[in-house]
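Q: For reference, the chains in residue letters:
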Amino acid sequence: MSKRDEVISWITLGLALLAVYLSLIYTPFINEPKLIPRVAQKIFYFHVPGAWVGFLAFFVVFVCSIAFLKTSDRRYDSIAQVSAEIGIIFSTITLVTGPIWGKAAWGAWWDWGEPRLVTFLVLWLLYIGYLILNRSVAEDFRRARYAAVFGIVAFVDVPIVFLSVRWYRTVHPSQPILERGGLSPEMKLAFFLSLFVFTVLFYLILKTRLSLFNMEDEVKEIKEKMEE
Amino acid sequence: MRSFYQIIALLIKDFTAELRTKELFTSMIVFVLLTLVTFNFAFSGSRLSLEVTVGAIWVAFLFAANLGLSRSFVREVDKNCLEGLLLCPAERYVIYFGKAAGNLIFILTVELLTLPILPLFFSNNSLLKDPIKLFGVFILGSAGISFIGTLFSAMTANLKARELLLPLLAFPVLTPVLIASVKLTLYLANPSPIYEPGRWLQLLIVYDIIFSVLAYITFEFVVEE
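Here the protein sequences come in this chain order: A and B. Everything in the first sequence is counted per the numbering used here, starting at 1 for the first residue and increasing by one. Everything in the second sequence is counted per the numbering used here, starting at 229 for the first residue and increasing by one.
Hints are supplied without guarantee of correctness; some may be wrong.
Straight-line Cα separation of at most 30 Å, DSS-like style, residue types lysine-lysine; simulated pairs [stated by the list, open to error]:
hint, chain 1, residue 1, chain 2, residue 2
1, B, K307, B, K241
2, A, K220, B, K388
3, B, K388, A, K70
4, B, K241, A, K225
5, B, K388, A, K223
Calculated directly from the structure, the hints in this document are not laboratory data.
Full structure from sequences and hints, please.
A: Structure representation (C-alpha cells):
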C-alpha cells in the first residue's frame, strides 16, 4: 500500500468511527410511537450506503468489462473481478439489513412486490453467477472475455429487472425518509458522512485486494515457470 | 442479404442434424410434460388458480428451453464442428443469429406441441381463448430466452460445468422475460386491465431488441480463439 493510501486509511478509520457515533447516537430517533421501528431506522445509515457501493462496484465491473473487450488489457479484467467481489459483500450488507428493518417497519421480512428489494436480490444473484463463471474457466484469456461479456449483459439487465418488478405495488420508503421532511440536518450529516466513508472504503478495499490479486498472479506465473 | 441466406443455411444445418437424431425435440417435449405432471402432484392435485397455472407453464417452458439451449453449442464443440463453423466465410454474428433462430424455433415448436394439452392438464379452458395472440406472446418470450440463452450457451459449451452454469447465468438475466410473459399470458386468458398488457408488451419487445443487439456486439468475443 502506498504512503498516500496509508494516510487515507487512517483518516477513513477516524471518519468511520465518527460516522458510527453520528448515526447511532448523535442523530435523533424518528418520530415513531413504537420502540423497535424507531431503533431499526438506524439501519438506514448502513443499508443505503451499502446499496450505493454495491451499485458503484457493479458499475465499475461494467465499465472495466467494456474497456477490457476494447483493449484486451489484463488490468481492466483484474479490476472488474475484484470490484465484483467487493460489490457482492456490500450488497450482502444491504440484503441482510433490509429485511431486519422491514420486519420492524412493515411487519414482514420480505415483500415480493417491492421492486428495489427484488431487483437487489436478482442483482446479487447475477454477480454471484459472475464470480462462479470467473472460477469455472481454466484458460485465463477466455475466462476474462467471458466474464467481461457477462459483466456487460448483467449490468444492462438491472434497470430492466427493476422496471419489471416495479410494475407491481410499492411499499418501500423511496422518498418518505428523504423527502417528507423526515431527514433532520443531524440525520443528513450522519447519512452523507456514512455514504462518504463507505465510498472511500470501497476504494481502499479495491486497491488492497488488487495488489493481493496481482501477487496471486505472480505466484501463479512463478509456479508455472518452476514446473517447466 | 447474403447474411440472411447464410443464417438460413445454418438453420437448415441444425434442423437436418436434429431430424436425424430427434434427441432434442423428444427430450424437450417429454421434459415439459414431466414438469407439468410433477407440478400437478406437487400442488396435491388441487384446482389451481389461473396465476399459478400460467406460472407453472412458463417455468416448464423455461426449463425445457434451458435443456435445449445447453445442447445447442455442446453439439458443435463435442464433435469439433465449431471450428469448422468459425472457418466458414461468414461473419460471427451470422453464426449467432443462425443458432439463436434455430433455438427459437426449437423452443416454439415444443411450446406449440404442448399447447393443446395444457387446458387438459389444468382443466382451464380460458388459456386458449386467443391462441393467435398467445402464439405472439410465445414468440416474444421465447425470443428473449433464445437470445440470452444462445449467447451463454456458446460461453458455457467449452466448460466442464456447462450444464450447471447455463441456468445459473441465464435465469437471473431472464427475470424480466419471465415476468412479462406470464403477465401477458394471464391477460390473454383473462382480459382484465389490471394485468396492464401494453407496458409488458413494450418491455418484452425492448428486452428482445436490447439483448439481441448486445449479443450481436459481444458474440465475437465469446467464440474468438
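Q: Against this structure, judge whether each hint is valid.
A: Consistency of the hints with the structure:
no.	hint	in the structure
1	B:K307 - B:K241	holds (15 Å)
2	A:K220 - B:K388	holds (22 Å)
3	B:K388 - A:K70	holds (28 Å)
4	B:K241 - A:K225	violated (45 Å)
5	B:K388 - A:K223	holds (24 Å)
Checked against the numbered hints above, the structure breaks only hint 4 and satisfies the rest.
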